[in-house]
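**Student:** Keeping the supplied structure of chain X fixed, place chain Y upon it in accordance with the hints.
Given next are the chains, with one letter for each unit.
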Amino acid sequence: MTRVWGRVLRYVVLLAVLVITVGPFLWQLSTSLKGRTEDIYTFPPRLLPRHPTLGNYKGVADIVPVWSYALNSLTVAVANVVTNLVGASLAGYALARLRFRGRGAATLAFVLALLVPLESIVIAQLTLMRQLGLNNTLIAVVLPGCVGAMNVLLMRDAFGHLPYETEEAAVIDGAGVWQRFARISLPSVKGTLAVVAVFSFMGSWDDFLWPLIVLSDSSKFTLTVGLNYLHGTFSSNQRLVAAGTVIAVAPLVVMFACLQRYFFRGVAEGSVKG
Amino acid sequence: MRPSHQARTHRAASPWLFLLPGLAVIAVFDLYPFLTTVWHSFTDARTLLPGHWVGLRNFQDMLHDDQFWTALRNSTLYVALVVPCTVLLPLLLALLVQPRIRFVGFFRAAFYTPVLASVVVVALIWNWMLDDRGLVNGILHALGAGPVPFLGDGWLLLFSAMALTVWKGLGYYMVIYLAALANVPRELHEAASVDGAGAVRRFLSVTVPSVRSTMVLVGALSSVAAFKVFSEVFLMAGPTGGPAGADTTLVMLVERTGTGLSGRVGYASALSLVVFVITLALMLLVLRAGRGEDAP
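Residue numbers (this note's numbering), protein chains in the order written: chain X, 34 to 307; chain Y, 610 to 905.
Some chain Y residues judged to face chain X by a derived CB distance under 10 Å, without partners named:
#1 L632
#2 F843
#3 V863
Far from chain Y, by Cβ distances over 12 Å, these chain X residues were calculated:
#4 E71
#5 P82
#6 H84
#7 P85
#8 K91
#9 P98
#10 T108
#11 T199
#12 E200
#13 A202
#14 I205
#15 D206
#16 I217
#17 G224
#18 D250
#19 K253
Pulled a few chain X residues facing chain Y out of the computed Cβ check, cut under 7 Å:
#20 G120
#21 L123
#22 L242
#23 Q293
Because the hints were derived from the structure by calculation, they are not lab data.
C-beta atoms are modelled at their ideal positions from N, C-alpha and C, and glycine is treated no differently.
The following block holds chain X by itself, in its conformation from the complex (with noise of 0.2 Å):
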């Protein structure tokens, strides 16, 4: 009988932390979907909008281009997957298995760079962002975290678990560095480089600090940093503020629920031997 309860219990508590850690965003989603008619500070709150309505989301169009922003953002994280994912895997593999004069530094350069908050060096990062000409572009904001020190690690941390065997065939077998590299351990860490294309995209997708100091020019804004000035020149109107944020959020939510098996246990080994 206690075991009953016990259960029961569990459940009430995990449904009070559902309605704190979900019931924002859907609070969120429904200010969005509330036309101009609709009063959004009634009390008690009303979830379900009584004429829903997807006007909010061609306001806030007509007020920032968010779209464009969307796609400024898309690019930058696209981008960041596609680097983060060759350079992370080339340098993990060579500091895991190769053997080389210089590979003990190498890692050790990694870590270092680990080690420096990014928050700690922006201001350098931007005085040579200035320097190179390249302030004010989508270019700058993909940059400097276009191979993750931690990323890196990670690899490595992947291709050091494969067993030696596999390749050892392949070199019987006369296939060169780049064959064993591209057609045997690379197949071989899928699942990692799953968990490094995911945080690369959330990472990037969601970045505020970088692209906030690095972008000036209205054109070029990421949505995080579109938003930010959204709410700062219209935050008396919530239902277009709202239909803003779900746009940034909406796409990483369809990711995740897709990816969302995969990814607890990779990020689990992740956190695991990490």
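**Tutor:** Just chain Y now, with coordinates in the frame of chain X:
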């Protein structure tokens, strides 16, 4: 060129070819900017002006800068209040979703939602909920409590931003704890419950000791993150840091001082260096405290 020689050079060069993109990026965009930051912190550099060597003047200026002390206080408070919550609450949450009961996969994924969203998105949602006429004040009003100026008062703004940080991190640290709990042998719990230990006793004498190293890790990660706080406060209190700038954090001060056409790059670099030294010290301190308790 003889074939054997060619083969050998190829083999010797290829590790560095593999490493080239990664090493180039961290050298140019992490390590070089760090060295620039150190150099600039001893100069009076400004945006577009290289500046001259001024020795320790930036650091001496800091001692007399009220904004610096306010920012240092706020960032330190952030660590002191956020970290205990971030170490404890996600652990309780992980225990809640650990058993393989029905729908648990759904709950785990749902609790992760705030981690997925950009801090900009969640800050805007919170701004709306904590508005004078928002949902939270509506509920408080129904309970008979007056409207609380969450977004109007300096201290309440800072506490609201802290609550946001804790809330957004719940799912992230929960996943780390879940991985650690998966390695705790079930027999320990069963033995303890046969001995008649209650839930609280079992938590303190079985769970906590077995995930202690993970608690230290979470403590270190969240201390560093909390000290570097920027976005939550910037978005909730505004770029100028709330009423009379009272909510400004150190990284906000760095951003405000060092950017723009009249940015004081030298002084901002000195502030950046303070951020770097304190985050590093915090991390070492937490890791060391964790190791110290391990000793018998």
